[in-house]
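Asks: Listed in order, the protein sequences are those of chains A and B. All the letters of the first sequence, read from the start, carry residue numbers 1 to 143 under this note's numbering. All the letters of the second sequence, read from the start, carry residue numbers 1001 to 1177 under this note's numbering.
None of these hints come from the bench; they were simulated from the model. Please note that a few of the clues may not be correct.
[As the list claims (entries may be wrong)] These stretches of chain B come out as covered by chain A in the derived footprint (C-beta under 8 Å, 3 or more residues): (1) 1009-1015; (2) 1021-1032; (3) 1059-1073; (4) 1089-1096; (5) 1146-1153; (6) 1159-1165.
[As the list claims (entries may be wrong)] Derived SDA-like pairs: lysine to any residue, alpha-carbon spacing no greater than 20 Å straight-line: (7) A:LYS100 <-> A:ALA111; (8) A:LYS100 <-> B:ALA1159; (9) A:LYS100 <-> B:VAL1045; (10) A:LYS100 <-> B:VAL1031; (11) A:LYS100 <-> B:ALA1102; (12) A:LYS100 <-> B:ALA1025; (13) A:LYS100 <-> B:GLY1009; (14) A:LYS100 <-> B:ILE1029; (15) A:LYS100 <-> B:ARG1158; (16) A:LYS100 <-> B:THR1157; (17) A:LYS100 <-> A:LEU112; (18) A:LYS100 <-> B:ALA1012; (19) A:LYS100 <-> B:ALA1093.
This one's a predicted model, so the numbers in the text were calculated from it and none came from an experiment. Built from N, CA and C at the ideal position, the CB exists for glycine as well.
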Amino acid sequence: VDPFDQVRSASELLAERAMERMLDLVVQAVDVNDLVQQVDVDALLTRVDLDALLSRVDLDALLTRVDLNRLLTRVDIDAIVQHTDIGAVVLLSSGSVADKAVDLVRGQGVALDRLIDRWVRRLLRRPGPGLRAPAPLSTGAGT
Amino acid sequence: VTAGPGPAGWAAAHGDYAGAASRFAAYAIDVIISWAAFTLALAGVSFAILIITGRSVSLHLGGGIAVAVVFAAWEFTYFGYCWAAAGRTPGMALLGLRVVRADGAAAEPRRGVVRALVFPLSIIPCGLGFAGILVQREHRALHDLIAGTAVVYSWDTRAARLRLLARMAGRPLSGPG
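Using the sequences provided together with the hints, build the complete structure.
Replies: Right, dumping it as structure tokens:
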């Protein structure tokens, strides 16, 4: 083995180790959070061409990886309807006079049924809320 | 989409056993509809007889045993066909009710027919057969117990719930005019 090559590989190894150690020390010394706070994100974003970036994203591939059903179960529909004009849109698109009348009749019917049921259970001294639904429909089969 | 907890209202009663008020209202509507249809049919037949024979015949309910028998057959057909074909009569559809099997599954057509056949048994003893709707835990009348059926609330839960929430939001869009 050439002694010159031996010296060269040893010095390369030494330099590599020294560099790794130095990098470790630098990374440990730098406060990354502080560094990030100094970055002007707005200025950075103005330099980013989002259109060009998005054109490189394969949306189909991305969407196939998203479990939309799982995502939608986390959506609070009540809050969305209450805090947006979706409610009004639904009313305008599907809330005919007939629908309102039917809803009113059904609502009054259910309320009256529950009232009568409460009285009867009190009269019969029957404890508990009573039976609510037969098994298959209670799991939510919509019609 | 499963909506989170919130103002469920009456729409959440879908699938529950229906109570006395809704069932009585539905029955009253069906009686009116079937009676009106039968009366119209009788008037039509009377008019047809007048046109064909030239004789004036007044057919009306209470006008003889034959008319009563035909009326009973018509009532059986009205209720039996509706329960067998769709599990609900027009009155029940309006109130959002449906006839199901006692275990909650969809009722077979033959159960609808049996239910219509034994329905008079609830009426004959001074209407005592209907007492089960009030006092029985599953709100089943005598004819329900015999036919192995129950009546539950049944509607498009999602649409009803959305309409309900929309009204609760209470912010209708202002029109262009």
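Asks: So, for every hint listed, does it hold in this structure?
Replies: Evaluation of the provided hints:
no., hint, result
1, 1009-1015, "holds (count 5)"
2, 1021-1032, "holds (count 3)"
3, 1059-1073, "violated (count 0)"
4, 1089-1096, "holds (count 3)"
5, 1146-1153, "holds (count 3)"
6, 1159-1165, "holds (count 6)"
7, A:LYS100 <-> A:ALA111, "holds (16 Å)"
8, A:LYS100 <-> B:ALA1159, "holds (12 Å)"
9, A:LYS100 <-> B:VAL1045, "violated (38 Å)"
10, A:LYS100 <-> B:VAL1031, "violated (24 Å)"
11, A:LYS100 <-> B:ALA1102, "violated (31 Å)"
12, A:LYS100 <-> B:ALA1025, "holds (18 Å)"
13, A:LYS100 <-> B:GLY1009, "holds (14 Å)"
14, A:LYS100 <-> B:ILE1029, "holds (18 Å)"
15, A:LYS100 <-> B:ARG1158, "holds (15 Å)"
16, A:LYS100 <-> B:THR1157, "holds (15 Å)"
17, A:LYS100 <-> A:LEU112, "holds (18 Å)"
18, A:LYS100 <-> B:ALA1012, "holds (17 Å)"
19, A:LYS100 <-> B:ALA1093, "holds (15 Å)"
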